[in-house]
Structure formats: structure tokens, C-alpha cells
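Trainee: The residues making up each chain are set out below.
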Amino acid sequence: MPTWPEKRSVLGRRVRRADGPLKVTGAAKYTSDVQPAGCLYGMILRSKWPAARVTGIDLSEAVRSPGIKAAILVRDGERRVRYYGEELAAVAGTTKQACLDALRKITVRAQPLPFVVKEADGIQPDAPRVWDEAPNLSKPQVTERGQVDQAFAEAEVVVEGTYSTQVEIHHCLESHGNAAAWDGDELTVWSSTQGVFSVREGLAGNLGVDQSKVRVISEFMGGGFGSKFGPGVEGAIVARLAKQANAPVKLMLSRFEESLAVGNRPSSIQKVRLGATRAGKLVAYELDSYGTAGVGSGAATEGGGGGAEFPAPYIYTIPNTRVQHRGVALNAGAARAFRAPGHPQASFGIESILDELAVKLGLDPVELRLLNDPSEIRQREYRLGRDRFGWREKYRLPGSSPGPVKVGVGCAGATWGGGGGGTRAQAQINPDGSVEIRCGTQDLGTGTRTVMAMVAAEVFGLPPEAIRARLGDTAYPPSGGSGGSTTAASVSPAVYDACEKALAELQQQTGLEDVRGENWKPACRRLGLEPLVVSGQWQKGLSSSGVGGVQFAEVEVDTETGLVRVRKITCVQDCGLIVSRLTCESQVNGGIIMGIGYALYEDRVMDAGTGVVLNPNLETYKLPGIADIPEIDIVLVDMPERGVIGIGEPVTIPTASAIANAVANALGVRISSLPITPDKVLAALGQVKELTA
Amino acid sequence: MKESIAEPGILVNLRSIPGLDQIEPGDAQWVLGAGVTVAQIEDHAGLRRAFPGLHEAAAEVASRQIRNVATLGGNLAQHSRCWYYRHRDIYCLKKGGDTCHAREGENKFHSIFSGNPCISPMVSSLAVILTALDATVVVQREGETVTLTMTDLYQRAWDNPTLHHSLDRSDLILRVEVPTRWSRSAYLQVAEKAAFDWATVSCAAAVRVADGRIQEGRVVLGSVAPVPYQVAAANRLLQGQTWSDALGGSVAERLLRDATPFAHNGHKVPIARALIQRALRHVS
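So the sequences go chain by chain: U and A. Per my numbering, residue 1 is the first one in the first sequence, and the count goes up by one each step. Per my numbering, residue 1001 is the first one in the second sequence, and the count goes up by one each step.
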């Protein structure tokens, strides 16, 4: 089995992001910047009804509208729409205004139907059915281990509570979208995607075209977080519009559309019961949870949990457990994978009730976790983080901090799989000594390009900036989608393998023993006219999976206004061999900031009366801004012997739980629903009730 | 216009009108042109000394990028931020329909006082502090100029659900006159985010203090009513008093006496109470 070099001169260093200058100067061309000659704009007509039977759509006026070159129906014939914003038709035109004008000229005949958009309404037996064939609430998916009832009966202490998490929207900085250009029967698509190959596969299947005739390019992209693996309805639409218009078409969704139809994190309403010994050892656990993945939930979909299930009791091993998940279908956009699918919900429920148990038993929350967490890595991390954060000095009994602005601390742990595989890469060494590395992966902004360059630089003894890393194109050797924190662990070994083989080949062809570093150029010159092109692939032994991580939060809560401010997050995280320290830390920062958003700000607000998303913009769908971001202290536990492991997902999981626990510690009462906003804080403190009663 | 709520046939560039972007200091009053940007107000050292609350309010408006282009006149004449009103596919009372969806719906950010069935609040931060400072607004109306008090500027929105302020379609704010007689002023707000967010509740206070006593005072709330909200009886409580938390508490109780919160905005009452206390404590 191959191994990473013992002595590393590039890996693990802080290296400037390979494409940083291109991004900050605007030279990097994202899909939204791509403008093939003669490119038209594409735009989608969406349902104004949360539920309706659509009996006819008339495009004739739109087709005649000035500047319009194509107009299509998303689906022919009568159809049902099941949420506000579902795609109905699309146009392509010479300007955005031409498209807007044309969309208004499309007449839709529809018979509105009853709808339901709130979880609590959707589970009622008499609620309007999202899918005719089955109830909104799915049959429970139950798993049971041990003797749960007996264990609860014998438990020395039992705590229970209900914890809920909101629907969160991905809101990638770059919206979903593609540009499509046909050349005869060959299609080129520029896509803002997490998987150039998965978009190719999706489009080829959808259009009935050979995969060999579709090329997908994503040189730069502005975030996906799980919502950009396939071409989406909008991807198929843009290819059809380009065909009909006989011209390239670009269709980028608006921020408004991003809120409706391109994914979200399912909500959860978790009823939890936890039994323990007086010493704090967990003996019994029961969860009854439901949540919504929008139209993707409910009994009409596979899997029982309907996309709203999550691992429980998460990172803890409890001998007696009963876990029940259900999904409730609503007239709302379907969920998609979202950075660590299921885990933040899972973490919030179990870590909240653990702290309730700690309070009841009078135990330090860190000690309670050390007593029950089976992971040796997290045990190490809790001990390390506790000292680093100053936990012993900062922890007080709940609600005991003086004054109207109360301070509190909390902690939580997480796990993630990750792992690598399924990736090929190619190294090309040119006679002038320049190097190109090609891999059909994509860089979500996580630093994949930098990682590729650093791995090659390590092997060849060259500075990273001497390596040209090329990615984001199905013309390059195949790699998987960038999800599940697998990219670095897939790509690094493949590039390493290609470079090691290329190095050996160069030595052999030139007859030189040492070709690295300063010998590089003279050696390459001996190649003559023909560049050296060597392929490699992911190899076992260079990557692994399974990380632990813990986070500590310090917050202050103004008990008169209900405002929560996060003062500090300390993150202790392992990720195997650190490839690029700077982009790795950047991922941690991003994950924590996203976790802060989940804890305090983000919430898709559905309106029961009209069925629309009420906050389809970044003014009212609140994301943390610079002023909301605390000191973030990152400790990376370097474990090079494990090989490369991804870090994108684990770092966002425990943040909200740690913050919620810190808020509960500050106040002495728990806000058991995310996001923790001033209205909920003041209500928990009894201030709202008192005045409005 | 971005949300397709207004679709004017003709747009007039107000920036081409000379003199609207001037800040003129004075002994009795300062005059601020309607075209003065919020950033100009924020950055003006003399203005900050004369009216600290105005500086504080300007600094809380949106983001620096927006403050660089947003004007005083635009800030005062802005339309409701209600998410029902702003939604392209919702027809509501404010747009001329017959239902205020917020009353039975998602009203977390809505009014706790209203003289009409629409409960979308007035959210201009500058209006709140300028009301506390007893500013007047000079408006071009049908070929003549008229002067409105800040109360006048919003009064028609109190009982007319379709209005955002008292200005007619042909009215244009020319300038705002801010009297200097208030020796101290302050503006505070609570918003969910630390920056670039609308206030859940805002509060401005202005007082004249002499011989250790409050001679006269004003307390005004924003984001709680269709107008900058003040109660004369609450202001009168301050007259001739020395500061104490108990005084602040009684002003707050009087000011909030008629609050009628809805299902999701009861928190505005304790937040307002806290802000009234803090703003008054700060200026007294």
C-alpha cells in the first residue's frame, strides 16, 4: 500500500490559495460570468399556487413577444403542481427584460387546490393531502435495541424534552444555473455544480443523448452545500431552450427562486427521553421525531423517514434505544442534501437533552460527555479543548452569571464519515519543466485546486505555484461529485499516484536518479519534444474516513432584549493528514459560521394563509454577517498516519448545539427551538407572556 | 420596483436638482438637503456633536454600501418592509386589497400599535430620531413649498392602510430642518443581526437638561406602529424631573400602555421597555 512521505515539505503548510488572485480580481469566470457568443437569457415561469391542477398553459403570446427566441413547457398536458414556485414553462430571449415581459404573457389555466405548509398542520388527519395516494405523515420507521421500557423503569434519573430545528435554505452565493450551447448534436454546458460528471449523466439521460456528446464545465463555482449535484429542472430546461432557439442560452436562478425550488435542510421536531444512572451513565433513550422535506416527504415517498430522518442517539452508545422517525409532506420545495445531512438536527436533540441531564445531576457537561462518549478521538479533543477554551474558569451553574447581560458556555461533539475513492488524475510534464495536473473533480471554493497543486509540488520538489491544476471539466479523467466531504480524500491520492508514477517515468526516460527540485528543469529538457503524460488513480492507504470533532461556545445574552451574541467558538477537529492548512482552516471557519446561522438566524418562513415562502431574499432570510461572527479558535489535531480525510461537513455539525447549550447555561432556561431569536428568548424568560396575557 | 410593486412610466433623477445634497449648520437649526446621503450624515463631525442620536441612527441604517447611496429623503419616504406587502404574488390591504395577511399570519416584525387594520410598521431609523428632535420637513407641493412636522409627515399612514406616509404623489421632500434646542439625544435599536438588519424595535430620545433636571423630553419608538410612535403624556412625565430608573419605567409604561401585540410580536413590548430605559438613561 502506498503511503504519504514521512518528511513533507509542502503538505500541511499554509500555501496561498491557487486561484485567490483570480477570484479577488474578478478574472475567475464563474458560470454566471460565462457568455458564449450570441448567448440568450433564459427564465422560468413558476407556479403561483401552492397546490393546483394545471389544465392549460398558453405560450402563443410569449412566443411572439419581442426578443423571444424560444418558449417551452416544462411538462406537456394536464398536471398537478404541489408547491409555490414549481416550474411550469420557460422562455429564452435577447435580454432579461424581454424574458420578464414574455413570462407575463403566458396564461396558465389552473384550478387551485387546498394546501398545507406548516408541519403541525400537515400531520393532522384532515389536512389537505400533498399526494393523493397517501397521507402526509409517513408510517413510522422504528428501530429498537435492548429493553427500553424496562431500562427507563429502572433508570435512576429520566429527563425529557422536545427540541425542534427549522428548515434551512442553502443560499449558495452563486445561484443555481447553467449555460448551454449545442454544436450539432453535441452539447456543452457550463454549470454551477458540485459534480460535472453527475450533471453530464443527468442531462444525457434527460435529453436522451449519449454521455459522450455532453461536456460539462465548471471551472469556478460559488458554493453548493449539497444542493448542486444534478442538473436540476433548470438544467434540462436550458438545454431544451438552447436547442429550440438554436443559440446558446444561460439561465441563472434569482435569489427569489433559490428560496423555492432548489433544496433545503429538512426540519425536525424531536421528542426525546433519556434515562441515566445517578453517576451520569446513559442507560435508555427514546426518540419520536418528525420533520418535513417538503414535497419529498410523506408516506408517498420511499424510506419512511421521508428525508427527515437522522442518526440517533447520534455519537453516543446507549444500551437501550427506541427511535422513531416520520416525514410529513408539505406543499413546499423538496429538501436536498445539505452540509452534513441529518447531523446538525441529530446533534441538537441529543446534545440539548444531555445538558438537561447534566443540570439535573449537577454534573459538569464536559464530564458527562467524557463519561459517555465512546470515541477516543473526541475524548482527547474534549480534554484539549477544555483547557484551551478555559472551560473550568468559564463554566458556572446555569443562570448564575450576574447582571442583565448573562454569560454562558456550552459544548457539543460530532462525527462524520468522509473517505475517498473513485477518482483518476493525470500528470503532464512538459519539456520546459512546466506541469499540468488534470482531474475531473470540481472546486466548490474549498480549495481543491490548491490541494492538487500542493500534492504535485510535494512529489516533484517544486513550489506549488509552479503547478497548473486543471479541474471542472468532463474532458478530464473522471472523479465523483464533491459531497460527503470526500473530495480532498479522493483527489489527493489520485494526484499523488499520478505524480509518483510520472516521477518514476521521468527518472527512467532520462536515466537520472534525482530529478526533483533544482534538477527538475534540466531533466525535463531531456524529454525532447514529447510531454510525459501519466495517469494515476485513488489508492487505498492514502486516505481514510471517520473523524471526531468538538466545539465550545461562549455567549452573552441580554435578558432585557433577548439578543444573543456569540463571543467565542473553540473548535477541536481531527482530519487525518492536513494537506492545505490554510484552506482547511477556511473550511472550519465557514462551517462554524454556517452553524451560527443555524443557531441564531436562518429560518425559511412559510405562510399558512397563502402558501408562499415569506422570506425569499437575504434581507429577511438572515445569514450571519461579519458583525455577527465571533472569535473562532481552531485546533486541528494532526493525524498524518491516517491519510487524508475531508473536513467540510463535521465542522458545521456541533456549532448550533454548543451555542444553544451556552444560551441555556447563561439563562438557566432552555430555548429548545432553533433559531434562537429574541422573541423566543424573552418568551422563555416569561417576559412576553406576562405582558400579553 | 424590483419587486414589481411599483411600475412607474417615467423616472425622474432627483440627483440633478442642485442644492439637495447640502448640510448647512446653524445656531438655531441645521438644514439637511433631501439628497444628503445617510453616509454623509453618519460621517459629519459637526452634526454628530450637535445631534449624537442622529449619527447613531444613521450608522444603523442598512450597510455602508447602501448608506453611501441612500438619501435622507428616500429614507423618510420609504415604503413598508412588510413581507406580505413586498411579496410579488400577494395582494394585501396595503396594496389596495381587503386583507391584512399579517394579522393572522407571520407578524413577528409587525406593529403593536395601529390606527388601521394594516399592521405593517414604519421602519425608518432617521424618522424616529428626527421626530424626537422635533424636526420639520420642507416639501415641494404643487408649485409651492409647505413645511410639515415629522408627525404630519406620517400621520395619514396611522389610519389609512394604503399609505406609508402623508406625502401625495406629486410631493417631494426638499430638506429637513433640525432645531438645536435639544441638548442631548440618543438612538438605540434591537435587530436580530448586529448589522445590516431592520430594527425589531428602535427608540430615540431627546432632552433639554438644565440645573440637573430634565426641562423637556421626547421619546419615540420605531418599527412598532405605522408612524414614529410617541405619546405626549409619556413625554410630559419627564418634564422637570431628575433621572431615575423609576422615572424611565413610568415613561415606558405610559408609552406602551395601549400596545396590542399579535401572536408573534409580543416580544416587542419588553424590548421597547428596555430601549426606552436605556435611551433615557443615556441622555439624562
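No wet-lab data here; the hints were simulated from the structure. Quick caveat, the model's predicted, so the values are computed rather than measured. Among the hints, a few may not be true.
Said to hold, decoys possible - Residues of chain A clear of chain U, computed beta-carbon distances all greater than 10 Å:
hint, residue
1, His-1044
2, His-1101
3, His-1264
What the hints assert, rightly or not - Think about it this way: if two alpha-carbon atoms lie no more than 25 Å apart in a straight line, the pair counts; the simulated SDA-like pairs of lysine to any residue are:
hint, chain 1, residue 1, chain 2, residue 2
4, U, Lys-105, A, Ile-1010
5, A, Lys-1002, U, Asp-210
6, U, Lys-680, A, His-1264
Using N, Cα and C, we set each Cβ at its ideal position, and we do this for glycine too.
Trainee: Compare the structure with each hint and give your call.
Mentor: Tested hints:
The claim that His-1044(A) lies off the interface holds: its Cβ sits roughly 23 Å from the closest Cβ of chain U, which is beyond the 10 Å cut-off. Not every CB of chain U lies more than 10 Å from the CB of His-1101(A), the least distance being 5 Å, so the non-interface label is violated. Listed as a non-interface residue, His-1264(A) fails to keep its Cβ farther than 10 Å from every Cβ of chain U; the least gap is roughly 7 Å. As the CA atoms of Lys-105(U) and Ile-1010(A) are separated by approximately 22 Å, the hinted pair is consistent with the 25 Å bound.
The suggested pairing of Lys-1002(A) with Asp-210(U) is violated, with an alpha-carbon distance near 41 Å, which exceeds 25 Å. At roughly 10 Å between alpha-carbon atoms, Lys-680(U) and His-1264(A) fall within 25 Å of each other, so this suggested pair holds.
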